[in-house]
Each structure stands twice: as C-alpha cells, then as structure tokens.
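Using the sequences provided together with the hints, build the complete structure.
Note that the protein sequences, when read in sequence, are chains A, B and C.
Residue numbers for the first sequence, in UniProt numbering: 1 to 303.
Residue numbers for the second sequence, in UniProt numbering: 1 to 328.
Residue numbers for the third sequence, in UniProt numbering: 1 to 258.
Since the hints were derived computationally from the structure, they do not count as laboratory data.
Nothing here was measured: the structure is a model prediction, and the numbers come from that model.
Possibly wrong hints are sitting among the right ones.
DMTMM-like cross-link-like pairs, simulated, lysine to aspartate or glutamate; straight-line CA separation at most 25 Å [what the hints assert, rightly or not]:
#, chain 1, residue 1, chain 2, residue 2
1, C, K110, C, E69
2, B, K315, A, D104
3, B, K315, C, D96
4, C, K24, C, E69
5, C, K24, C, E232
6, C, K110, C, E128
7, C, K82, C, E134
8, C, K24, C, D245
9, B, K315, A, E102
10, C, K110, C, D142
11, C, K82, C, E34
12, B, K315, A, E191
Chain C stretches covered by chain B per the calculated footprint, using a threshold of three residues with CB under 8 Å from any CB of chain B [as the list claims (entries may be wrong)]:
#, region
13, 95 to 105
14, 117 to 128
Beta carbons are placed, not taken as given, at the ideal position from N, Cα and C, and that holds for glycine.
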Amino acid sequence: MTVIVETVGSVLRDLFPLIWSGVITGCLYALGALGLVMIFKSSRVVNFSHGNVAGFAAFLVYGFSSGLLLELSWGAAVLLAVIAAIAIAFVSYALIAPLVFESDLTATIATLGVGLVVQGATLLMFGADIVSLDLPVPRFSASILGLLITGYDLTVLFVAVVTIGILFFVIDYTKLGVAFRAISDNAFAAEVCGLNLRSVHLFAWCVAAILGVVGALLIVPTTFLSSTTVATFMLQAFAAAVLGGFASLPGSLVGGILIGIFMNLFTFYVSPEFSSTFLLGVILLALNIFPNGALAKVGGSRV
Amino acid sequence: MSESVVQSGRPARSGSDWRLQAGQWATPVLIAVLVCLPFAVTGSWTYTLGVCFANSIGVLAVSVLVRYGGEVSIGHSFFAAVGAYSVAILEHRLGVSLLVGLPVALALGVVSGICFAWPSRRLSGIYLAVSTMALALALPEIINNADEWTGGFEGLYVSRPVVSGVGMSLQRYYAALVVLVAVTYALARLRHSRQGLKLLLARSHPAAADAFGTRRVWARVSVMGISAGIAALSGATLAFASSTVSPSGFTLWSAIFLLVGSVVSFYGLTLPRALIGGAFLTLVPQLLSASGAWIPVLYGLALLAVILCGHYLPKIGGMMHRRARGVS
Amino acid sequence: MNADAATLQGRGISLSFGGIKVLKGLDVEFRPGEITGLIGPNGAGKTSLFNCLTGAYRPQGGTITYAGEPLGGLSPAARAGKGIVRSFQTVALCPDLSVLENVMIGLSRKFHAGWLDAFLPLPRGRRERNAMREAALAALADLGLADAAALMPGQLPPGMQRLVEIVRAIVGRPSVLLLDEPAAGLNNAETRDLTRALRNLATPDLVMVVVEHDMDLVMSICDRIYVLNFGEFVACGTPAAVRNDPEVVRIYLGSDDD
Numbered sequence: 001m002t003v004i005v006e007t008v009g010s011v012l013r014d015l016f017p018l019i020w021s022g023v024i025t026g027c028l029y030a031l032g033a034l035g036l037v038m039i040f041k042s043s044r045v046v047n048f049s050h051g052n053v054a055g056f057a058a059f060l061v062y063g064f065s066s067g068l069l070l071e072l073s074w075g076a077a078v079l080l081a082v083i084a085a086i087a088i089a090f091v092s093y094a095l096i097a098p099l100v101f102e103s104d105l106t107a108t109i110a111t112l113g114v115g116l117v118v119q120g121a122t123l124l125m126f127g128a129d130i131v132s133l134d135l136p137v138p139r140f141s142a143s144i145l146g147l148l149i150t151g152y153d154l155t156v157l158f159v160a161v162v163t164i165g166i167l168f169f170v171i172d173y174t175k176l177g178v179a180f181r182a183i184s185d186n187a188f189a190a191e192v193c194g195l196n197l198r199s200v201h202l203f204a205w206c207v208a209a210i211l212g213v214v215g216a217l218l219i220v221p222t223t224f225l226s227s228t229t230v231a232t233f234m235l236q237a238f239a240a241a242v243l244g245g246f247a248s249l250p251g252s253l254v255g256g257i258l259i260g261i262f263m264n265l266f267t268f269y270v271s272p273e274f275s276s277t278f279l280l281g282v283i284l285l286a287l288n289i290f291p292n293g294a295l296a297k298v299g300g301s302r303v
Numbered sequence: 001m002s003e004s005v006v007q008s009g010r011p012a013r014s015g016s017d018w019r020l021q022a023g024q025w026a027t028p029v030l031i032a033v034l035v036c037l038p039f040a041v042t043g044s045w046t047y048t049l050g051v052c053f054a055n056s057i058g059v060l061a062v063s064v065l066v067r068y069g070g071e072v073s074i075g076h077s078f079f080a081a082v083g084a085y086s087v088a089i090l091e092h093r094l095g096v097s098l099l100v101g102l103p104v105a106l107a108l109g110v111v112s113g114i115c116f117a118w119p120s121r122r123l124s125g126i127y128l129a130v131s132t133m134a135l136a137l138a139l140p141e142i143i144n145n146a147d148e149w150t151g152g153f154e155g156l157y158v159s160r161p162v163v164s165g166v167g168m169s170l171q172r173y174y175a176a177l178v179v180l181v182a183v184t185y186a187l188a189r190l191r192h193s194r195q196g197l198k199l200l201l202a203r204s205h206p207a208a209a210d211a212f213g214t215r216r217v218w219a220r221v222s223v224m225g226i227s228a229g230i231a232a233l234s235g236a237t238l239a240f241a242s243s244t245v246s247p248s249g250f251t252l253w254s255a256i257f258l259l260v261g262s263v264v265s266f267y268g269l270t271l272p273r274a275l276i277g278g279a280f281l282t283l284v285p286q287l288l289s290a291s292g293a294w295i296p297v298l299y300g301l302a303l304l305a306v307i308l309c310g311h312y313l314p315k316i317g318g319m320m321h322r323r324a325r326g327v328s
Numbered sequence: 001m002n003a004d005a006a007t008l009q010g011r012g013i014s015l016s017f018g019g020i021k022v023l024k025g026l027d028v029e030f031r032p033g034e035i036t037g038l039i040g041p042n043g044a045g046k047t048s049l050f051n052c053l054t055g056a057y058r059p060q061g062g063t064i065t066y067a068g069e070p071l072g073g074l075s076p077a078a079r080a081g082k083g084i085v086r087s088f089q090t091v092a093l094c095p096d097l098s099v100l101e102n103v104m105i106g107l108s109r110k111f112h113a114g115w116l117d118a119f120l121p122l123p124r125g126r127r128e129r130n131a132m133r134e135a136a137l138a139a140l141a142d143l144g145l146a147d148a149a150a151l152m153p154g155q156l157p158p159g160m161q162r163l164v165e166i167v168r169a170i171v172g173r174p175s176v177l178l179l180d181e182p183a184a185g186l187n188n189a190e191t192r193d194l195t196r197a198l199r200n201l202a203t204p205d206l207v208m209v210v211v212e213h214d215m216d217l218v219m220s221i222c223d224r225i226y227v228l229n230f231g232e233f234v235a236c237g238t239p240a241a242v243r244n245d246p247e248v249v250r251i252y253l254g255s256d257d258d
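Here you go:
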C-alpha cells in the first residue's frame with residue numbers, strides 16, 4: 001500500500017512541475033503559432049520566414065543593448081527591434097502581396113526566400129556563434145505545493161496573457177480586427193463589401209511580427225541565442241498551429257500549451273534526443289485525426 | 001470561327017516544330033560536351049561538376065513534385081539522405097559498390113516516399129509543406145542517434161570504385177552524369193506515358209481525373225514516390241560523387257536549397273534546366289566560399305527574383321503586346 | 001448480358017444539403033440504346049442527380065444500380081472503371097497537355113502499361129502509346145477536330161474546348177455516358193456537329209444521358225426526356241409527349257411565380 005502511495009507520489013512530484021513548465025513554454029509556442037495563424041487566416045500564406053525574422057529581432061535586441069551595434073537601455077533596444085521586425089514584415093508583405101491573389105503556394109515559397117535573406121543577414125551581422133542575452137526578469141523563486149515557481153515563469157505567463165489578451169481585444173473590438181475576422185471568413189465577400197484586403201493583410205503581418213519578437217525574446221533564457229535556435233523553436237510553433245487547426249486563434253493557443261506539455265513529458269519520459277521526430281509524429285497525427293484542428297468538430301477534409 | 005483558330009494555329013505549330021528540332025539537337029550536343037569535358041578541365045572541376053550533376057538530380061526531384069503534384073516540399077533532404085546512406089551503409093557493411101547501392105537507394109527512396117505520402121495523402125499545399133519541414137528537421141536527429149549505422153556526426157566515406165582500374169575522379173564524374181542523363185530520359189518518357197497524362201490532369205482538375213478513373217490518393221502517393229525515388233538517386237549519386245556522407249549535408253537548409261534550385265530552373269524537367277538548378281546550388285557556394293553567410297542571402301534574393309519575374313514578366317509582355325497591337 | 005439488364009437505375013434517390021432538399025426520392029431509369037434527356041429550370045437538381053450517379057455526391061437515401069449491380073459504395077474512380085463517364089459543365093481540360101493528349105486520357109482505362117513502361121523504352125509501352133494516339137486522333141477527326149490535335153486547349157475557343165471534352169468522354173467507348181450541358185457555349189455549327197456525333201454514338205449497349213438547356217438539341221436527339229423541377233420529376237416520356245405536357249409547358253412558359 002505504501003509502495004503504491006509512494007509511486008503515485010513520485011509520479012505526481014515529477015508530473016506537476018513538468019506540466020507547469022510545459023504550460024509556460026507552451027505559451028511561447030502559442031505566441032509563435034498565433035502569428036503564423038493570423039497571416040494564414042487573412043492571406044492563406046504560410047510564413048516560413050516567421051522564425052528567422054523573430055530570431056533576427058532577438059539578435060537585434062542583443063546588438064542594441066550589448067554595445068555591439070549600439071548601447072541602449074533594454075527597453076529602447078526592444079522597441080527598436082520591434083520596429084525593425086515590423087519593417088521587415090512590411091517589406092516582405094510588399095514583395096509577396098502581388099503573389100497572394102494568384103497562388104498561395106507561390107507566395108509561401110516566396111516567404112522562404114525572405115527567410116533565407118534574413119537568416120543570411122543574421123549570420124553576416126552577428127556570426128554563427130552563440131551569444132548570451134539576459135532578460136531583466138525578476139529573479140526570485142518560490143515553492144508552492146512542491147512546485148518551484150520562478151520569476152521567469154511568472155514573467156512569461158504575465159507577458160503572454162497580456163499580449164494575447166490585447167490581441168483578442170483588438171480583433172474583437174477594433175475596426176481593423178472586425179475587418180480581419182470578416183476577411184478570414186470570406187475574403188471575397190469582405191472585399192465586395194468594400195474592405196481593403198491589403199491593409200488587413202498588413203495588419204496581420206505586423207501583429208505576427210510583434211508576437212514573434214515577444215516569443216523569441218522570452219524563449220531565449222531557456223535555451224541560448226544562436227542563428228538557428230529561434231528558427232528551430234518555430235517548429236514547435238508550427239506544430240502548435242497545426243494542432244489548433246491552422247486557422248483558429250484560440251485553437252493555436254490551446255495547441256501551443258498542449259505542445260509545451262507533450263514536449264516536456266516526451267523529453268522526460270521517453271528521450272530528449274528525438275524531440276523533432278516526436279513533433280513530426282504529432283504534426284502527421286494531428287493532420288490526420290483532426291483535419292480541422294483539435295477544437296473543431298471532425299468533418300470535411302483539407303483537400 | 002473554328003476555322004480561323006485552326007488557321008492561326010498552323011504557323012505556331014510549324015514554329016514549335018522548328019523549336020522542337022533545335023531542342024532535339026541541343027540535348028545530345030550538351031551530353032556530348034559533358035562527356036568530353038573531363039579531358040579539358042582540371043581535376044577539381046571534374047569533382048565540382050560531379051557534385052553539380054548530383055545536385056541537378058535533387059533539383060529534378062523537387063521539380064517533379066511541383067510539376068506533377070502541384071505540391072511544394074521543403075523536406076527532400078530526407079529522401080536524399082535515404083539514398084546517400086543506403087549507398088554508404090551497403091559499402092561499409094557488405095562491401096558492395098554503387099552498382100548495388102543505386103538500385104537499393106532507388107527502391108528505399110520510393111518506399112519511404114510512399115510511406116510518408118500515405119499518412120499525408122489527404123493533405124495538400126501548405127499542409128504538406130509544413131509536414132515536410134518537420135521531416136527535414138527530424139532527420140539530423142535520426143542520423144545522429146543511429147550512429148552505429150550512420151557514423152553519427154562524422155558520417156561515412158564512400159570510396160569503392162564501380163569499375164576497377166579506372167581513376168576514381170573520372171568514375172565519380174561519369175557515374176553522376178550517367179544517372180542524371182538516365183533520370184532526365186525517364187522523366188521525358190513519363191511526360192508522354194499514360195500515367196504522366198493522368199497525373200497532370202489530376203493536378204489541374206482533380207474532379208475530372210476522378211471521373212476518368214484516377215484516384216486523388218493514387219496520384220498523390222505516386223508523385224511522392226517518384227519524387228522521393230529521384231531524390232534518393234540524387235543522394236546516392238552525391239555520396240559517390242563527393243565520396244562522403246554526413247548529416248550536415250542533409251539539413252532543412254539543404255532541402256530549402258533544393259527548392260531554390262528548382263525555382264531557379266523554372267521547375268524544368270529537361271537536362272539543361274536541371275543543370276542550371278544544379279549549377280546554381282554547386283557553383284554559388286564555391287564562388288562565395290570566402291564568405292559563407294552571403295550564400296543564403298543570395299539564394300533568397302534569387303528565389304524572390306525568379307518568382308517575381310515569373311509573376312511580372314507575362315504581365316509586362318502582355319502589356320507590350322497590347323501596345324504593339326494598338327499601334328498597328 | 002441482355003440489353004435490358006445494362007440499365008442505370010435509381011430508386012428513391014434523395015439528397016439534401018443542410019436541410020435543403022435538393023432531390024426528393026427520385027426514381028429514374030436510363031436504358032441502353034437510348035439517349036435520355038434531363039431538363040428543367042436552373043436549380044432543379046439536374047447536376048446534383050448527375051453527381052449522385054457518378055459518385056461525387058453520396059445521396060442520403062435510395063439506391064443506384066448499373067446492370068443490376070449496386071454502385072452505392074463505389075468512388076467516382078471506381079465507377080469510371082465500370083465505364084461510367086461524364087463530362088463537366090465547366091471545361092476541365094488539362095492546360096499543360098495538348099488536345100490530343102487530353103483526349104488520350106479518356107482511353108487510359110483501356111490500357112494497362114505499368115510504371116516500367118512509363119519510364120523505360122519498352123515495346124509494350126510504345127505499342128500502347130501508338131494505339132492510344134491513333135484512337136484519339138480518329139475520335140477527334142470524327143468531330144472535325146483533327147487539325148486541333150497538336151494545339152494546346154488554351155489556343156482553342158471555348159466551344160471547341162467543350163467539343164474536345166466530349167471527345168475525351170466518348171473516346172473510351174463508355175457504357176454509360178453522362179453529358180452535362182454539352183452544347184453550352186457552342187455556336188450553331190458546332191452544335192450541329194455535336195448533334196450528329198451524339199446520334200452516331202448511340203449503340204444498343206450505351207446508356208446516354210444529356211443535361212441540356214438547348215431544347216432543339218434535346219428534342220432532336222433524345223428518345224426519352226425526364227423533366228425535373230424542385231428536386232422532383234414532373235414529367236417523363238418521349239419528346240412529343242413532354243412537349244405537350246401541360247405541367248412542362250407551365251414550368252417553361254406559364255411562369256406564375258415570376
């Protein structure tokens with residue numbers, strides 16, 4: 001009897017922290033996924049440059065605050081990096097805009113081109129080495145019910161909740177947000193009604209860029225900053241978006257958190273070395289079992 | 001009305017006949033030049049060209065998927081790795097040369113392509129692109145963790161000659177050339193075959209293809225099988241031509257580069273087009289070897305330039321045409 | 001197999017989209033050796049009935065049999081394998097293939113060259129390809145399209161594209177041929193060619209069904225006509241009978257609801 005209690009106890013001791021930290025990183029995956037989904041919903045384009053641009057912006061924060069490019073306060077560096085990311089989003093949409101209405105696949109290939117250029121720019125400006133980027137997060141930790149909660153955890157949770165809250169508020173209540181929803185539902189009808197597709201697309205691209213930068217900055221403390229880490233982090237974001245149905249904002253939020261938890265459980269209980277293979281499996285499984293996302297009713301196919 | 005169209009069609013047809021004849025001559029001449037080339041250039045160029053041929057095959061694999069399937073893959077490095085490692089592992093374990101490795105690579109490539117296509121048979125467009133991206137990202141993990149077979153990070157050497165007594169550098173060159181020519185020849189046959197016609201109809205009008213007995217799932221799985229088989233041949237050829245396989249040659253980036261090569265060759269399936277794509281992938285890094293970070297920038301710009309040209313040139317051409325007609 | 005057995009039959013076919021009943025329990029019989037017309041106003045359910053017959057839609061109720069064999073569970077491709085072939089309302093030719101190659105697709109069901117023949121220069125593949133080419137050329141010549149064989153579909157006017165599509169449908173000698181508005185977009189001369197070709201096509205074994213708005217065409221080639229309105233048959237019979245049916249006249253001429 002006591003043996004059983006002990007095993008259950010130890011499983012719980014492992015499980016709760018794993019789920020907790022999974023939820024935390026999952027919020028970040030969700031931030032990445034929300035950006036992908038916003039762009040996809042409005043313009044039917046999958047933005048493969050998302051991770052590269054976000055990683056580039058994280059590097060810019062490093063460059064602006066460490067003295068490599070400039071020596072600014074942290075807040076100013078982040079602001080500049082966000083502006084740079086929005087500028088890149090602007091330019092990439094301007095390049096892709098004429099293709100969007102012709103073929104979403106061609107436009108998607110074009111985003112790979114943007115990603116390559118941004119990736120090359122990162123390498124040219126900052127090299128291929130690992131750099132350390134510290135976030136000014138409150139440093140404390142507290143143990144609640146055996147759960148170790150750090151200042152980083154709370155910062156991530158706070159920032160993610162506030163960002164996503166603002167995003168949903170904007171989409172629900174502002175004019176641009178209403179236009180975004182209308183266009184996502186039926187682009188043709190919305191255009192006939194006089195909505196400007198391009199301004200809504202630009203809105204989605206810029207919001208996605210901001211979400212990407214926030215996600216990239218917050219993920220950095222858990223890993224390190226190199227020219228490839230953030231791009232790899234985007235695989236999780238893609239998996240989250242797929243799990244959420246790729247066209248649903250709440251879906252990608254749930255998808256992100258699920259992916260965070262699954263990844264933690266998988267690396268702890270199975271193997272830390274096959275995480276990308278695991279994500280591949282999750283993506284294929286999700287696309288087959290819930291062709292319209294875990295939240296949607298099953299029915300219809302994505303052909 | 002119908003008469004006038006047929007009439008106006010005639011000169012166009014004889015024009016294309018003329019072009020067809022020129023095209024018929026261009027490829028044999030090109031092959032003859034390539035056959036003679038090793039006697040005219042230095043050894044390092046022979047090596048580079050061998051690698052270029054292997055890359056050209058990889059570009060063809062991606063172009064086949066675009067042309068016949070209407071799909072984009074950024075995970076073809078996976079299938080190339082299947083081919084490359086089959087050749088290398090067969091040589092290490094069984095001591096057999098490319099002659100055995102190549103057919104095995106082809107078979108495994110086709111099988112792995114079908115195995116991947118089956119769970120994603122109902123996915124199209126961007127969903128396939130995303131799942132192939134995951135495939136490419138999962139690949140290095142798999143290779144590194146199967147180090148007992150794959151040699152892990154360091155990879156394996158491929159050095160067994162196909163024909164004994166002939167210099168290895170010539171063998172590397174000619175083996176790659178033979179495979180490339182054979183693949184373009186087979187693809188030219190496919191274009192006129194029953195299956196090729198069905199696949200092309202299935203791409204442009206799936207419902208019509210269905211009504212003529214072509215299942216969408218069949219079309220999707222077949223195209224992926226063909227494309228993955230060609231990718232595996234390219235990997236096998238690359239392993240032989242470059243004499244080594246390692247996980248660094250089969251990353252997400254190498255898969256994206258294959259797509260870049262395919263776009264740059266306008267998704268062409270002929271020998272000259274494939275060579276353009278392959279040369280782009282092989283020679284650009286060679287020329288930029290001093291500053292490697294420029295490679296992705298250049299590739300990205302080339303990709304965007306070709307896509308935007310493909311978008312704007314017909315429009316500009318149409319405008320000029322209209323203007324010219326307006327004047328006359 | 002006697003001729004009567006090779007009929008295409010529907011019993012109680014009903015289809016609805018989200019509560020809207022498109023087909024209301026239709027009983028229908030298409031006999032071999034006859035050309036059956038299917039007419040009715042726009043939205044009457046003609047194309048929906050077609051899609052049920054070819055397997056593109058799964059009707060919620062009723063059974064469809066061909067030569068006594070139920071088709072219920074078969075996919076469109078499997079029905080095509082049984083020789084049930086259709087044409088489309090909108091032109092569905094592959095723009096990358098020449099007219100001749102587009103027609104050759106219609107024959108592919110009859111040939112069996114495998115993948116090896118597709119990639120390698122084997123005699124069987126070459127023989128089959130030549131046979132397909134000749135048969136397709138002959139079929140194009142029948143409709144006066146021999147000169148267009150080497151052109152791409154985009155180089156033809158819409159009327160000729162439609163004829164090419166019909167050639168593609170009939171070239172494989174189907175046992176059931178469903179033509180969805182074959183004369184839409186054709187000019188008078190082309191319609192005449194088509195009428196003649198369809199008449200020549202009728203054989204004792206072929207079930208032919210034509211959905212068409214061109215009344216002259218329907219009245220001149222059809223042996224029997226079904227009139228569909230709001231998902232129900234309002235009349236069925238010979239052209240003369242249908243022409244004089246008061247209900248049909250009301251639908252087409254005496255429009256109370258307009």
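Here is how each hint holds up against the structure:
1. A hinted pair counts as satisfied when its Cα atoms are at most 25 Å apart, and C:K110 with C:E69 qualifies at roughly 21 Å.
2. Taking the CA atoms of B:K315 and A:D104, the gap is about 19 Å. The hint holds against a cut of 25 Å.
3. For the suggested pair B:K315 and C:D96, the alpha carbons sit about 20 Å apart, so the restraint of at most 25 Å is met.
4. Distance restraint check for C:K24 and C:E69: the Cα-Cα separation of roughly 23 Å lies within the 25 Å cut-off, and the hinted pair is therefore satisfied.
5. Restraint check for C:K24 and C:E232: satisfied, since their Cα atoms lie roughly 6 Å apart, inside the 25 Å limit.
6. Proposed proximity of C:K110 and C:E128 is supported: the alpha carbons are some 10 Å apart, at most 25 Å.
7. This hinted pair checks out: C:K82 and C:E134 have alpha carbons roughly 23 Å apart, not beyond 25 Å.
8. Of the supplied pair hints, the one linking C:K24 and C:D245 holds, its CA atoms being roughly 21 Å apart against a limit of 25 Å.
9. With a C-alpha separation of about 13 Å, the suggested pair B:K315 and A:E102 falls inside the 25 Å cut-off, and the hint holds.
10. Straight-line distance between C-alpha atoms of C:K110 and C:D142 comes to about 20 Å, which keeps the hinted pair within the 25 Å bound.
11. A distance of roughly 19 Å separates the Cα atoms of C:K82 and C:E34; the hinted pair therefore holds under the 25 Å criterion.
12. Restraint check: the Cα-Cα separation between B:K315 and A:E191 comes to about 23 Å, which is no more than 25 Å; the hinted pair holds.
13. Counting residues of the region 95 to 105 of chain C whose beta carbon lies closer than 8 Å to any beta carbon of chain B gives 7, which reaches the threshold of three, so the coverage claim holds.
14. Counting residues of the region 117 to 128 of chain C whose CB falls under 8 Å from any CB of chain B gives 7; the rule of at least 3 is met.
Comparing the model with each numbered hint stated earlier shows that all of them hold.
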